[in-house]
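Sequence lines, in order, name chains R and E. Residues in the first sequence are numbered from 1 upward in steps of one, following this note's numbering. Residues in the second sequence are numbered from 1 upward in steps of one, following this note's numbering.
Just to be clear, a hint being listed does not mean it is correct.
[What the hints assert, rightly or not] A few chain R residues facing chain E, derived, Cβ under 7 angstroms: (1) Ala-34; (2) Gln-44; (3) Asp-47; (4) Trp-51; (5) Pro-62; (6) Gly-63; (7) Ala-71; (8) Val-78; (9) Leu-82; (10) Leu-84; (11) Thr-115; (12) Ala-121; (13) Ala-126; (14) Leu-196; (15) Gln-199; (16) Gly-201.
The hints are simulated quantities; they were obtained by calculation from the structure and are not laboratory data. Just so you know, these numbers come straight off a predicted model, no measurement behind them. We treat Cβ as the ideally placed atom computed from N, Cα and C, and that holds for glycine.
The lines below spell out each chain.
2 protein chains.
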Amino acid sequence: MLPNRPATLARRIAPPFGEVASGLMSGTNGEIAAIESIRRGLPQPPDGETWIGDDAAVVAGPGGESLLLAADTVVEGVHFDLDLVDAADVGWKALAVNVSDIAAMGGRPLHALVTVVGASAAMIDALTRGLAEAAAAYECAIVGGDLSSGPCLVVSVAVTGTTGGREAILRSNARPGDLLFVTGTLGRSAAGLRALRAQAGRGATAQAGLTGMAQPACVPAAPPELAAAYRRPVARVAEGLAASTGGATAMIDVSDGLGIDLDRLATASGVGVLVDAVPTAEGATRDDALAGGEDYELVFAAREPGAVARAFEAASLRPPIRIGVCVSDPRLRRIGDEPLPASGWEHRLR
Amino acid sequence: MLPNRPATLARRIAPPFGEVASGLMSGTNGEIAAIESIRRGLPQPPDGETWIGDDAAVVAGPGGESLLLAADTVVEGVHFDLDLVDAADVGWKALAVNVSDIAAMGGRPLHALVTVVGASAAMIDALTRGLAEAAAAYECAIVGGDLSSGPCLVVSVAVTGTTGGREAILRSNARPGDLLFVTGTLGRSAAGLRALRAQAGRGATAQAGLTGMAQPACVPAAPPELAAAYRRPVARVAEGLAASTGGATAMIDVSDGLGIDLDRLATASGVGVLVDAVPTAEGATRDDALAGGEDYELVFAAREPGAVARAFEAASLRPPIRIGVCVSDPRLRRIGDEPLPASGWEHRLR
Numbered sequence: 001m002l003p004n005r006p007a008t009l010a011r012r013i014a015p016p017f018g019e020v021a022s023g024l025m026s027g028t029n030g031e032i033a034a035i036e037s038i039r040r041g042l043p044q045p046p047d048g049e050t051w052i053g054d055d056a057a058v059v060a061g062p063g064g065e066s067l068l069l070a071a072d073t074v075v076e077g078v079h080f081d082l083d084l085v086d087a088a089d090v091g092w093k094a095l096a097v098n099v100s101d102i103a104a105m106g107g108r109p110l111h112a113l114v115t116v117v118g119a120s121a122a123m124i125d126a127l128t129r130g131l132a133e134a135a136a137a138y139e140c141a142i143v144g145g146d147l148s149s150g151p152c153l154v155v156s157v158a159v160t161g162t163t164g165g166r167e168a169i170l171r172s173n174a175r176p177g178d179l180l181f182v183t184g185t186l187g188r189s190a191a192g193l194r195a196l197r198a199q200a201g202r203g204a205t206a207q208a209g210l211t212g213m214a215q216p217a218c219v220p221a222a223p224p225e226l227a228a229a230y231r232r233p234v235a236r237v238a239e240g241l242a243a244s245t246g247g248a249t250a251m252i253d254v255s256d257g258l259g260i261d262l263d264r265l266a267t268a269s270g271v272g273v274l275v276d277a278v279p280t281a282e283g284a285t286r287d288d289a290l291a292g293g294e295d296y297e298l299v300f301a302a303r304e305p306g307a308v309a310r311a312f313e314a315a316s317l318r319p320p321i322r323i324g325v326c327v328s329d330p331r332l333r334r335i336g337d338e339p340l341p342a343s344g345w346e347h348r349l350r
Numbered sequence: 001m002l003p004n005r006p007a008t009l010a011r012r013i014a015p016p017f018g019e020v021a022s023g024l025m026s027g028t029n030g031e032i033a034a035i036e037s038i039r040r041g042l043p044q045p046p047d048g049e050t051w052i053g054d055d056a057a058v059v060a061g062p063g064g065e066s067l068l069l070a071a072d073t074v075v076e077g078v079h080f081d082l083d084l085v086d087a088a089d090v091g092w093k094a095l096a097v098n099v100s101d102i103a104a105m106g107g108r109p110l111h112a113l114v115t116v117v118g119a120s121a122a123m124i125d126a127l128t129r130g131l132a133e134a135a136a137a138y139e140c141a142i143v144g145g146d147l148s149s150g151p152c153l154v155v156s157v158a159v160t161g162t163t164g165g166r167e168a169i170l171r172s173n174a175r176p177g178d179l180l181f182v183t184g185t186l187g188r189s190a191a192g193l194r195a196l197r198a199q200a201g202r203g204a205t206a207q208a209g210l211t212g213m214a215q216p217a218c219v220p221a222a223p224p225e226l227a228a229a230y231r232r233p234v235a236r237v238a239e240g241l242a243a244s245t246g247g248a249t250a251m252i253d254v255s256d257g258l259g260i261d262l263d264r265l266a267t268a269s270g271v272g273v274l275v276d277a278v279p280t281a282e283g284a285t286r287d288d289a290l291a292g293g294e295d296y297e298l299v300f301a302a303r304e305p306g307a308v309a310r311a312f313e314a315a316s317l318r319p320p321i322r323i324g325v326c327v328s329d330p331r332l333r334r335i336g337d338e339p340l341p342a343s344g345w346e347h348r349l350r
């Protein structure tokens, strides 16, 4: 069921409902149009709430306080391949990508519900192990869920979160003149996937018993830190809180690639973006960093670099990397002298 | 992908994590064991919270107030067949069964997150219509979700809810001497599915062009009220609130059949149950009512029938039907002179 797509795109986490057509992606007939159709078919939120249209929804909880809600699903053969990751990795990642959506609002996670379709008993044990590890790492309680048979492994997670009384950081409030920051270097996950695929290909050749042929000894084992970035991504909860404290005006997590996710932030805010440089991780290419996705670093806009630096320092975090600036022309998407690529993964409808 | 199971079982909604092995179902190697394994692999809740182990979890929200959380998934070929229902029905039902989990705690729904895997563009439109209708009927805001390609239609819903400051009604607090009530007659959904299947079979025969053979004119169209009970089940939110007001000690929704769901309530509470009679819907058999499932009526235990009657009357609801009593022997499961059947649907692991 792996779609016939370039390797670095085929594994993308599907954008949540929120990630709606930008100027660069409108006119397509697939997922983006479907999300718009869903949004149009449902009631719109009251003032003060954010529903479909951001990393997480911001709603009033039972006592009137602000509650963050997000959901993300991973599907075998679409988002992951059990030849490259084990079920424990799938469990970790399914929770971590949801926590990342909460982090991108300046929040921290509280609870998760986990639905598992099509798992074997052994898979369930491994999934539970990975889920429990992520739940412990992010202090997010797994409080319920559902289990079903089905034709392939599907793990759906829904999370709640809180901003602790602060305003949630939406995508839509960046203003011209705001500086753009990213919480870390990019491209590690895409590079890790490529290395894991190469390694799996080498293994397959060896297993096929082609002993009369020279082994492709030039394919090294996947570097552990790159493989880990793909298999066990880190949600930047502390960084999201620091960005909020430091006056972030808009924020998004880099789930689908810096280009496309910056385009989403810019489109939601009605600003243009001018990027100076892409901070690229060691072992990754510039394209991995720009379009690879699944890095789960946070990109945010803020007015005062000094306040940002102080907030990150106070939280004992490495300083975020300044990558550019928001401008008033809402159509502008540039990296240096080039257009900012905003290609992205769309799920094919059946 | 329809499992090789009796017709009335093959469509059952999978029990959420909460619905753990009872005495009657332990020792199996499938879903029940998997749920226990998941529960064992995760941290346990603090005092005052209920996580895995009930229709919905009861947790502290961001402001400390009580928050209900539940998730349920429906899978094409496991829970529904697109020859018998349309995608709008799937949308309605996916939300309604989650709302029913909130109702079974004495709560009302607040928000829903909806994840859709493997839908066509036309299916998404119909799903959205059904979801929007259920969301309006239950005053439950659909605030986000996720969309992915995949090999079959999977709709996962997570809901939040509130008891409005009242104690949530767990499964586990029934005491010997408590009376048992159900909010309506049972078996309509199972009878509706049987009628829809018979009708679909007749259609298939006609389509096969067997004009030389007599048409099976004895198969009538599915009675609309039975078909509707299967396609568009009603979550008993007002009834759950009335039961809570009337002093319910324990409550569960009838998702898998009166026998198995009463067994779950009794096992969680450590009591036995003695059922006098099964209130059977017109057009349904006793077996439909006892073991058919998907009725989504609520079964509850309460001490004072007068208080129950007054609460339902005050809410302008039809009075609940008294069906039996809780007894001190925790192993007792009887209906009249017979054992209470507690057969149920377990998903096969792959």
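Quick rundown of the hints versus the structure:
{"no.": "1", "hint": "Ala-34", "in the structure": "holds, 5 angstroms"}
{"no.": "2", "hint": "Gln-44", "in the structure": "violated, 10 angstroms"}
{"no.": "3", "hint": "Asp-47", "in the structure": "violated, 14 angstroms"}
{"no.": "4", "hint": "Trp-51", "in the structure": "holds, 4 angstroms"}
{"no.": "5", "hint": "Pro-62", "in the structure": "holds, 4 angstroms"}
{"no.": "6", "hint": "Gly-63", "in the structure": "holds, 4 angstroms"}
{"no.": "7", "hint": "Ala-71", "in the structure": "holds, 4 angstroms"}
{"no.": "8", "hint": "Val-78", "in the structure": "holds, 5 angstroms"}
{"no.": "9", "hint": "Leu-82", "in the structure": "violated, 12 angstroms"}
{"no.": "10", "hint": "Leu-84", "in the structure": "violated, 18 angstroms"}
{"no.": "11", "hint": "Thr-115", "in the structure": "holds, 5 angstroms"}
{"no.": "12", "hint": "Ala-121", "in the structure": "holds, 5 angstroms"}
{"no.": "13", "hint": "Ala-126", "in the structure": "violated, 10 angstroms"}
{"no.": "14", "hint": "Leu-196", "in the structure": "violated, 21 angstroms"}
{"no.": "15", "hint": "Gln-199", "in the structure": "violated, 26 angstroms"}
{"no.": "16", "hint": "Gly-201", "in the structure": "violated, 24 angstroms"}
Violated hints, listed in ascending order, are 2, 3, 9, 10, 13, 14, 15, 16; each of the other numbered hints is respected by the structure.
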